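Enquirer: What follows is each chain in one-letter form.
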Amino acid sequence: MEVLSLLGDGMLLSLQPLNLTMILIGVTVGLFIGAMPGLGSVNGVAILLPITFLVPPNSAIIFLAAIYYGAMYGGAVSSITLGIPGASTAVATTFDGRPLARQGRASLALVTAALASFVGGTVANVLFTLFAPLLASVALSFGPPEVFALMLLAFATFVGLGGDDIPKTIFSICFGLVLGAVGFDQISGAPRLVLFEYNGFLQGIGFLVLAIGVYGIGEMLWTIEQTRGDVTATTPKMTIKGMAADTKEAAKKGWKGTAIGSFLGFFVGVLPAAGATPGSLMSYGVAKMVSRNPDEFGKGSVDGVAAPEAANNSASTGSMLPMLTLGIPGSPTTAILLGGMVIWGLVPGPRLFVDEQEFVWGLIGSFYISNVAALLINLAFIPVFIWMLRMPFTILAPVIFVLSITGGYAATRDMFDIWLMVGFGIGAFFLRKFDYPLAPAVLAIVLGPIAEPTLRQSLLLSSGDPAIFFTRPVAGPITVIALILIFLPLFKALRRMRAKAKEPAS
Amino acid sequence: MRVGEIFTAGILALLSIYLMWKSTELPIGYISGTGPGGGAWPFWLAAIMLGSCCWTAVNWWRGQTPASQSDEPVLDSYGWRTLFFVGGGIIGFVTLISIISMYGAIAVFLFYYLWFLGRHSLWFSMTMSLVAPVALFFFFEGAMRITMPSGMPFTDPVFNFLYDIIY
Numbered sequence: 010m011e012v013l014s015l016l017g018d019g020m021l022l023s024l025q026p027l028n029l030t031m032i033l034i035g036v037t038v039g040l041f042i043g044a045m046p047g048l049g050s051v052n053g054v055a056i057l058l059p060i061t062f063l064v065p066p067n068s069a070i071i072f073l074a075a076i077y078y079g080a081m082y083g084g085a086v087s088s089i090t091l092g093i094p095g096a097s098t099a100v101a102t103t104f105d106g107r108p109l110a111r112q113g114r115a116s117l118a119l120v121t122a123a124l125a126s127f128v129g130g131t132v133a134n135v136l137f138t139l140f141a142p143l144l145a146s147v148a149l150s151f152g153p154p155e156v157f158a159l160m161l162l163a164f165a166t167f168v169g170l171g172g173d174d175i176p177k178t179i180f181s182i183c184f185g186l187v188l189g190a191v192g193f194d195q196i197s198g199a200p201r202l203v204l205f206e207y208n209g210f211l212q213g214i215g216f217l218v219l220a221i222g223v224y225g226i227g228e229m230l231w232t233i234e235q236t237r238g239d240v241t242a243t244t245p246k247m248t249i250k251g252m253a254a255d256t257k258e259a260a261k262k263g264w265k266g267t268a269i270g271s272f273l274g275f276f277v278g279v280l281p282a283a284g285a286t287p288g289s290l291m292s293y294g295v296a297k298m299v300s301r302n303p304d305e306f307g308k309g310s311v312d313g314v315a316a317p318e319a320a321n322n323s324a325s326t327g328s329m330l331p332m333l334t335l336g337i338p339g340s341p342t343t344a345i346l347l348g349g350m351v352i353w354g355l356v357p358g359p360r361l362f363v364d365e366q367e368f369v370w371g372l373i374g375s376f377y378i379s380n381v382a383a384l385l386i387n388l389a390f391i392p393v394f395i396w397m398l399r400m401p402f403t404i405l406a407p408v409i410f411v412l413s414i415t416g417g418y419a420a421t422r423d424m425f426d427i428w429l430m431v432g433f434g435i436g437a438f439f440l441r442k443f444d445y446p447l448a449p450a451v452l453a454i455v456l457g458p459i460a461e462p463t464l465r466q467s468l469l470l471s472s473g474d475p476a477i478f479f480t481r482p483v484a485g486p487i488t489v490i491a492l493i494l495i496f497l498p499l500f501k502a503l504r505r506m507r508a509k510a511k512e513p514a515s
Numbered sequence: 003m004r005v006g007e008i009f010t011a012g013i014l015a016l017l018s019i020y021l022m023w024k025s026t027e028l029p030i031g032y033i034s035g036t037g038p039g040g041g042a043w044p045f046w047l048a049a050i051m052l053g054s055c056c057w058t059a060v061n062w063w064r065g066q067t068p069a070s071q072s073d074e075p076v077l078d079s080y081g082w083r084t085l086f087f088v089g090g091g092i093i094g095f096v097t098l099i100s101i102i103s104m105y106g107a108i109a110v111f112l113f114y115y116l117w118f119l120g121r122h123s124l125w126f127s128m129t130m131s132l133v134a135p136v137a138l139f140f141f142f143e144g145a146m147r148i149t150m151p152s153g154m155p156f157t158d159p160v161f162n163f164l165y166d167i168i169y
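Residue numbers (my numbering), protein chains in the order written: chain A, 10 to 515; chain B, 3 to 169.
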């Protein structure tokens with residue numbers, strides 16, 4: 010009961026005129042920043058942090074959290090309408106969001122993303138409110154072997170994402186992981202894989218460079234070549250009646266993905282160093298695995314949009330938990346929020362819930378209000394996003410190319426990366442011709458820098474004995490499930506090959 | 003397509019071997035007291051990449067992939083033309099960034115694509131090519147405080163004028 014009373018006070022605080030205004034502005038700004046390829050919540054929060062010194066700390070953190078929320082909703086917009094994942098958290102949304110948009114069902118994809126984000130955010134808020142201290146202690150018990158096991162589980166879901174050609178899927182995963190290893194060895198600090206001795210590789214290859222290259226340039230070249238420049242013009246329309254029908258369909262077809270994403274996303278988000286990206290892609294993989302129609306995934310499945318969108322919103326709330334309770338940021342955005350709190354004279358950690366009750370519960374209350382505001386503002390702007398898709402392809406294509414190049418530069422500020430992006434785009438165009446799945450490479454480059462150090466730390470802990478991944482109570486079951494998921498398609502493929510080989514004999 | 007698939011697998015196998023060789027610049031084995039060497043992770047991943055290429059080659063030889071059963075060319079004349087005009091346009095766009103600035107390159111690229119490839123009217127192509135870079139300038143430089151490449155010094159007067167508006 011005490012929790013509910015504190016939450017009620019927090020909500021009243023966030024409904025005060027100044028705070029409510031901050032929420033509305035923050036969500037709207039975040040939505041548009043998140044919708045821009047190359048820009049995400051981290052840019053919005055970092056750029057607007059100085060503005061928050063003009064208002065009290067309570068209003069300041071509420072404003073920044075609202076930007077974070079808005080940007081998480083906005084990430085889906087560029088994934089669905091342009092086919093470019095603006096941030097790593099929205100990669101999985103592209104897999105089914107873009108096909109839906111191509112079928113003229115962008116409104117369904119956007120409504121599904123908005124509703125799933127809302128449910129994911131709400132579930133995360135409730136879990137956050139009720140179990141914050143408990144979950145923080147569980148998160149702390151996750152050491153390197155557990156985090157690596159979790160990454161292995163994420164990779165296992167990739168094998169399922171890749172389609173039927175297993176060697177090409179494995180190649181794609183490993184290629185993404187190797188690209189993630191370019192730059193410096195994280196443990197010894199020595200330069201590593203400085204390819205062809207170009208110093209530009211010393212700073213590593215960012216996720217966005219590969220993602221924009223593959224989706225922004227490669228995908229567009231592929232579309233233009235395949236459709237002979239005559240892209241079937243889908244003329245999506247947006248009416249109140251249509252939106253109501255989409256809402257009904259999203260709820261009916263996307264509830265399972267939403268439920269999986271909401272819970273899985275939150276628990277992965279709570280883990281320090283994990284964050285919303287592994288959460289969203291694991292949710293996509295699990296949603297595909299448990300779906301009755303797994304073949305629909307990648308072709309425009311509503312569940313395929315709902316699962317990652319629910320997960321990335323849920324995980325973004327979850328990642329606030331270790332920041333507030335332990336002082337450990339779970340993502341780059343929460344790291345900036347943490348910095349802001351320190352500047353405002355607040356000390357994150359277990360004492361924060363005791364010493365700064367009004368601040369903490371005001372923030373938690375604002376999560377609920379921001380979530381509702383984000384849903385309403387997002388739904389209100391869907392017709393604007395749909396309008397973008399009505400542009401002729403000969404206008405949309407150069408706009409996407411320009412946004413890809415400018416967004417890529419804005420994220421890395423390096424011309425070398427822009428050339429790499431173009432190279433990846435042309436390479437992706439040819440690899441796609443021969444059915445190499447590219448999504449696993451994009452996801453692997455995100456998770457590689459988390460997986461490698463945790464693997465090495467674990468092996469160091471066990472003096473090189475890999476049994477550490479099987480003998481620990483949490484890591485063990487996760488590793489076993491991951492290995493089953495990895496080897497299952499291999500066994501299936503071998504059985505198919507054997508059956509084919511027997512056919513002529515019989 | 004049949005020749006293209008094995009050719010691609012061969013190129014990727016060579017890339018894998020190069021990555022394996024490059025990884026050996028750092029230790030690839032287990033070092034007592036410090037754990038796996040810095041080259042171990044990429045080395046073994048590149049080794050798996052090489053194995054996957056060999057597996058792909060076996061599948062190709064057995065004719066188990068769609069590409070290995072196809073006699074179609076990888077790209078027909080339209081495909082090559084697309085790659086030349088669109089891909090070449092993008093390469094030209096990126097090349098121009100260092101010369102006439104990001105915004106100048108955007109203007110040239112948009113005009114090229116809209117007028118030459120898209121066959122839109124001269125008036126529309128010119129309007130879009132002028133309005134879009136100016137809007138992006140105010141968004142990136144003004145609102146987001148992100149400085150884009152300004153090209154060679156001859157573009158300075160234009161940028162000085164625009165910066166005077168922002169600051």
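No lab work stands behind these hints: they were computed from the structure. Where hints are given, some of them may not hold.
[Stated by the list, open to error] Below are the EDC-like pairs computed for lysine to aspartate or glutamate, each with C-alpha atoms no more than 16 Å apart in a straight line:
(1) K262(A) to E305(A)
(2) K262(A) to E206(A)
(3) K442(A) to D158(B)
(4) K265(A) to E206(A)
(5) K442(A) to D166(B)
(6) K442(A) to E27(B)
[Said to hold, decoys possible] Cβ pair distances, simulated, as ranges:
(7) M154(B) to Y207(A): 21 to 31 Å
(8) M3(B) to Q112(A): 21 to 31 Å
(9) I13(B) to T30(A): 33 to 43 Å
(10) I196(A) to V133(B): 48 to 58 Å
(11) Y207(A) to G35(B): 30 to 40 Å
(12) D474(A) to A137(B): 56 to 66 Å
(13) F425(A) to L77(B): 51 to 61 Å
(14) D166(B) to G432(A): 53 to 63 Å
(15) N302(A) to G31(B): 28 to 38 Å
(16) M154(B) to G432(A): 21 to 31 Å
(17) T97(B) to Q366(A): 56 to 66 Å
(18) G31(B) to P392(A): 51 to 61 Å
Since the structure is predicted, the reported quantities are computational estimates derived from the model, not experimental observations. Positions of the beta carbon are idealized from the N, C-alpha and C atoms, including for glycine.
Enquirer: Look at each hint and say if it fits the structure.
Expert: Going down the list of hints, with the structure as the test:
1. K262(A) to E305(A): Measuring from Cα to Cα gives roughly 12 Å; hence the hint holds.
2. K262(A) to E206(A): The given pair, whose Cα atoms are some 51 Å apart, is violated under the 16 Å limit.
3. K442(A) to D158(B): Judged against 16 Å, a Cα distance of about 44 Å means the pair is violated.
4. K265(A) to E206(A): Violated, at roughly 49 Å.
5. K442(A) to D166(B): This hinted pair is violated, its Cα atoms lying about 49 Å apart.
6. K442(A) to E27(B): With a Cα-Cα distance of about 34 Å, the restraint between K442(A) and E27(B) is violated, given a limit of 16 Å.
7. M154(B) to Y207(A): 21 to 31 Å: holds, 23 Å
8. M3(B) to Q112(A): 21 to 31 Å: holds, 27 Å
9. I13(B) to T30(A): 33 to 43 Å: violated, 57 Å
10. I196(A) to V133(B): 48 to 58 Å: Taking Cβ atoms as reference, I196(A) and V133(B) lie about 50 Å apart, which means the hint holds.
11. Y207(A) to G35(B): 30 to 40 Å: holds, 33 Å
12. D474(A) to A137(B): 56 to 66 Å: holds, 59 Å
13. F425(A) to L77(B): 51 to 61 Å: violated, 28 Å
14. D166(B) to G432(A): 53 to 63 Å: violated, 38 Å
15. N302(A) to G31(B): 28 to 38 Å: violated, 46 Å
16. M154(B) to G432(A): 21 to 31 Å: holds, 24 Å
17. T97(B) to Q366(A): 56 to 66 Å: holds, 58 Å
18. G31(B) to P392(A): 51 to 61 Å: holds, 60 Å
Checked against the numbered hints listed earlier, the structure breaks hints 2, 3, 4, 5, 6, 9, 13, 14, 15; every other hint is satisfied.
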